[in-house]
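Student: Here is how the chains run, residue by residue.
Protein chains: 2
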Amino acid sequence: MPEYKAPLKDMDFLINDVLDFESHYKTFPEGEEATPDMVEAILSECAKFCENVLSPINQSGDKEGCVLKDGKVTTPTGFKEAYQQFVDGGWQSLSHPTEYGGQGLPLSLGVLKSDMIGTANWSWGMYPGLSMGAMNTIYMHGTEAQKQEYLIPLTHGTWTGTMCLTEPQCGTDLGQVKTKAEPNDDGSYDISGTKIFISAGDHDFTDNIIHVVLARMPGAPSGTRGISLFIVPKNNVNEDGTVGEFNNVSCGSLEEKMGIKASATAVLNFDGAKGYLLGAENKGLECMFTFMNTARVGTSLQGVGTAELAYQGSLPYAKDRLSMRALSGKKAPDKVADPIICHADVRRMLLTQKSIAEGGRAMIYYVAKLADTMMYGATEKEKEQADDMLGLLTPILKAFLTESGLEAANLGMQVYGGHGYIKEWGMEQIARDARISTLYEGTTGIQGLDLLGRKILLGGGGSFKKFTTEIMVFCKDFGLLSRNPHKKNMNQFIWPLFKHVAAWQQYTVRIALKAKNNRDVVGSASVDYLMYSGYITMAYFWAMMAQKAYEGLASGEGDADFYKAKIQTAEFYFERLLPRTKTLADTMMASTKSVMQMEEDHFAFL
Amino acid sequence: MPEYKAPLKDMDFLINDVLDFESHYKTFPEGEEATPDMVEAILSECAKFCENVLSPINQSGDKEGCVLKDGKVTTPTGFKEAYQQFVDGGWQSLSHPTEYGGQGLPLSLGVLKSDMIGTANWSWGMYPGLSMGAMNTIYMHGTEAQKQEYLIPLTHGTWTGTMCLTEPQCGTDLGQVKTKAEPNDDGSYDISGTKIFISAGDHDFTDNIIHVVLARMPGAPSGTRGISLFIVPKNNVNEDGTVGEFNNVSCGSLEEKMGIKASATAVLNFDGAKGYLLGAENKGLECMFTFMNTARVGTSLQGVGTAELAYQGSLPYAKDRLSMRALSGKKAPDKVADPIICHADVRRMLLTQKSIAEGGRAMIYYVAKLADTMMYGATEKEKEQADDMLGLLTPILKAFLTESGLEAANLGMQVYGGHGYIKEWGMEQIARDARISTLYEGTTGIQGLDLLGRKILLGGGGSFKKFTTEIMVFCKDFGLLSRNPHKKNMNQFIWPLFKHVAAWQQYTVRIALKAKNNRDVVGSASVDYLMYSGYITMAYFWAMMAQKAYEGLASGEGDADFYKAKIQTAEFYFERLLPRTKTLADTMMASTKSVMQMEEDHFAFL
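Protein chains in written order, with the working numbering: chain A, 8 to 613; chain B, 8 to 613.
Derived by calculation from the structure, the hints in this document are not laboratory data.
Do not rely on the hints blindly, as some may be mistaken.
If chains are identical, the list can't say which one is meant, so a pair holds when it fits in one copy or spans any two.
Listed next, the in silico EDC-like pairs over lysine to aspartate or glutamate satisfying Cα-Cα at most 20 Å (straight line) [stated by the list, open to error]: (1) K376 / E387; (2) K187 / E288; (3) K16 / D608; (4) K185 / E288; (5) K506 / D593; (6) K430 / E263; (7) K342 / D608; (8) K154 / E263; (9) K154 / E387; (10) K281 / E252; (11) K16 / E252; (12) K33 / D211; (13) K326 / E607; (14) K506 / D44; (15) K87 / E106; (16) K326 / D568; (17) K571 / E582; (18) K70 / E431; (19) K338 / D180; (20) K430 / E71; (21) K506 / E477; (22) K70 / E263; (23) K12 / D608; (24) K523 / E606; (25) K342 / E293; (26) K472 / D395; (27) K281 / E156; (28) K337 / E606.
Sequences and hints are given; from them, build the entire structure.
Tutor: What follows is the structure, given as structure tokens:
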């Protein structure tokens, strides 16, 4: 199994050189404490925890998996202890409000933390990750009493939380939710129904679990407008805050999955469990949208983490493994053969992984800044604009980065040849763990519809215009009249980027026009459109990183080799990955007929 | 788990309408018995065996896996019994020479058989599959005595065989083989060494296993020129042909793999095991090339089988699962939601799987005819030409179809959403099983080098010219002056196909010229060039199938719906998959600098 090393140098480059977190943190009170020294100290401590505690139990966690016996779930060896260390270190509360037990550091710092945790051990990270989903939802929609009762212990990590949305008959289409909430005289509800795919749904970390559950009240309107949100603790909470008796939330079974085996995916049975309305009646799905954006950005971290870990796994192997001679002549004449990193195709695979990991990380850190602004912005308008931009970029990040992560994971195995298929090396686990990322929190297809249908076409395209304009402005800084000293160097990136953004705008208008006459255009184009958007978005960040690397080189300070490698990776990205837009532009504009014309009964003749 | 149904109608369309096996079988003596009635009877019997015996033990085989205990390997429940039924039915001997116990039917018929077996249960199919590798090698290079002693029981299926090439330090680069062959006075050799990744290396099907082993004699030249091939039985064979005492070939361990868990992948220790030279001294690797082409075409079947099985698994789910409403309006107003097959993106995924399965099958069946000609051709020249063409198409089939198969398997999971990740449904097993296909029998990278480097650039490009000319001639039949009645219908396929073939020829020349000055061009372009070649090759077969479907429709005979669906699938392929050549043409022509310039030490700064 690849041992995880936190890419602190790369993170440092992003937060200091590229995205200037220091200035950003000065713009809102919650950022004040996050001085560069403080940030560096936090990241390096977190890196140690991830490298020394989480990474070593990643492979064993996969092997052992979670076990349900006599109604109790046991997590793999070391998982519970790691959680205790995590809580003791104050890691769960890092970027949560001080008024409810948090340390009040910026949200974005929490994203950096999650990046490292998720890469070191994604399965483990899902337990505190789901808690955060519950915490955010209660913070946004809970009453003060609910926050006192549930949010504080969740923030401390004394308890964990879950999000209970999916049922056997529905995941995407939550309007079909059947779980019932019958009102009691005391204002509580009796919750009954079955929820599936509940990550961190049961475990042995803590003595209580706070479930946030979608359910339907008697007489509620059918479909999505009749769904409400409830807080349902696994065990009731006594008035003094201690854990009381069992609340009839039982784990019916754990799913046997392809990967993330150390993450307990529970079937939860609610048998008249006591629940408390969270937010307004029948507004459950709207409340969920806040959670979903956060959860989706969180899931996009899995794409980047997958690419990073696969790259960290395949690079040393590519340097060690001797096979054949390089086509251009012996590179290691003293050895029986050359290391496979000498072969162009192996380099192509490594650089693809590297481009995805580093380019994706830049995209997420940029969005993390937006999340800060959405949360702590000085004005409502500023918050709203950040929220809109986040809404646009979230489906791109979620789907494009997880799809790209799968590609990187597969290349990780491919670099190993046949050995990549053997468990011992750990490369196949990365691919199995990663495979869930394009399925949960909205499949790639759903993200495509969210981006093109909801965020761009229904939403009027405001944030799309704003984002593409931002890229145009970036390009102009290297344009004809510019005196930017790196203009010449940057030419190789700016010109293709500019052309791509112009094309992106034009295609978007064309699709919008086509969709007016034919609604199927949206579904038929959406996934290819999303991937197209993803490649251009990533190109923007690669160009930005190249610029900062040129500036770094010119300054004579910092690590020149690091900067050179950045520029070379940007060159690889522009020459080898960005051209994928060519095909995508074609297929996203293809006729709907090619997908819609076949009659259902004619798909197979068996 | 999807229950496998043999796609007999599609197979029938290919062998009768598209590829005219009937006329083909009349051109050589071994084909005489393979009358249409006979072929149909064989295929339908084989389909029953695959559907009723092999398919039901595919999922349980994955769950149970193979077990090594006290030196003995036990295969999953039902595997041994299925093998006995297979042998009793005469299936192993189907297309092998009558003089050594076979039924003498054409090789191509064996490919059709393997297609069904491999799709129903790939892991099981590897046991008889590896036997065929050993059989072919002994048939081609063995002495008459060796054929009598080993080939006949292998053909009957009384014993099975393996190919022992890989060692811990080398797989691709067999020049590094260390296993030793010390000559004995009686003409035999003592074989000592460790072989890994030996498929069907040990099992409980038969009481002997015949290993074909690469090893090095004392004083042999270093590298690939000093390797010889040996027959090494697991147990010695007595003079009367019965199984004698243990020959010191022991199974050290079984690999724990991502998938194909029911296939025993053995580490074999040869401790002075008695072996017999097969073919000429130090010519082992050359002898292997025959085997490799067959094995690689065999592996390409895994790509097609994967796509077929994934498609068969996801289609019924797409019809059953209700989620959301179609964008163009309700399709099932009486239900809570529409079946997901109404959604454009789900259709895109299904049609991608279908295009790969059916297009890939056509490619393989075409190559199966070439294999017949190579084997039974009337003249040496005819045989040689078929061999050359097979040499060209083999790497394309192996790499392009297995990569495409992986894509189809992933889409199969994707159609299921989160359920695709759960073992119970069987879709994730398809993806895990398929993942080996781009790794063994030469990775995709190796196939790329074989195609571009060996077959086209070193080989002078003769068969490439011949194949592209064949496609050009096909296109001309619908050209300006043609009176072909389907000219108008075929326009949508012929014009893009023609342009693509012309571009393929031009790019090939350009790469050849570039490679003269810079050897790295080959490795840098090879995989993208191979995939590019694959999409164009598959387009040729889709155009051919569309033509036959139009003819079928015009004839008023046959199933009009089937023909229409074929044409619609061809349209999908041309609109949605063929445009991938656009990106590939770009990236295969990209500079070598983008992959070669980074210094080894600059790939990471951790």
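Student: Now tell me if each hint is right for this structure.
Tutor: Each hint, compared with the structure:
| no. | hint | verdict |
| --- | --- | --- |
| 1 | K376 / E387 | within (16 Å within a copy, 71 Å between copies) |
| 2 | K187 / E288 | within (13 Å within a copy, 78 Å between copies) |
| 3 | K16 / D608 | between (56 Å within a copy, 15 Å between copies) |
| 4 | K185 / E288 | within (16 Å within a copy, 73 Å between copies) |
| 5 | K506 / D593 | both (16 Å within a copy, 16 Å between copies) |
| 6 | K430 / E263 | both (18 Å within a copy, 6 Å between copies) |
| 7 | K342 / D608 | between (61 Å within a copy, 19 Å between copies) |
| 8 | K154 / E263 | neither (35 Å within a copy, 48 Å between copies) |
| 9 | K154 / E387 | neither (23 Å within a copy, 85 Å between copies) |
| 10 | K281 / E252 | within (11 Å within a copy, 71 Å between copies) |
| 11 | K16 / E252 | neither (49 Å within a copy, 62 Å between copies) |
| 12 | K33 / D211 | neither (41 Å within a copy, 71 Å between copies) |
| 13 | K326 / E607 | between (51 Å within a copy, 8 Å between copies) |
| 14 | K506 / D44 | neither (40 Å within a copy, 60 Å between copies) |
| 15 | K87 / E106 | neither (27 Å within a copy, 67 Å between copies) |
| 16 | K326 / D568 | within (18 Å within a copy, 55 Å between copies) |
| 17 | K571 / E582 | within (16 Å within a copy, 40 Å between copies) |
| 18 | K70 / E431 | both (10 Å within a copy, 19 Å between copies) |
| 19 | K338 / D180 | between (57 Å within a copy, 16 Å between copies) |
| 20 | K430 / E71 | both (13 Å within a copy, 17 Å between copies) |
| 21 | K506 / E477 | within (14 Å within a copy, 39 Å between copies) |
| 22 | K70 / E263 | both (13 Å within a copy, 11 Å between copies) |
| 23 | K12 / D608 | between (52 Å within a copy, 16 Å between copies) |
| 24 | K523 / E606 | neither (24 Å within a copy, 52 Å between copies) |
| 25 | K342 / E293 | neither (63 Å within a copy, 24 Å between copies) |
| 26 | K472 / D395 | within (11 Å within a copy, 55 Å between copies) |
| 27 | K281 / E156 | within (15 Å within a copy, 76 Å between copies) |
| 28 | K337 / E606 | between (58 Å within a copy, 16 Å between copies) |
Checked against the numbered hints listed earlier, the structure breaks hints 8, 9, 11, 12, 14, 15, 24 and 25; every other hint is satisfied.
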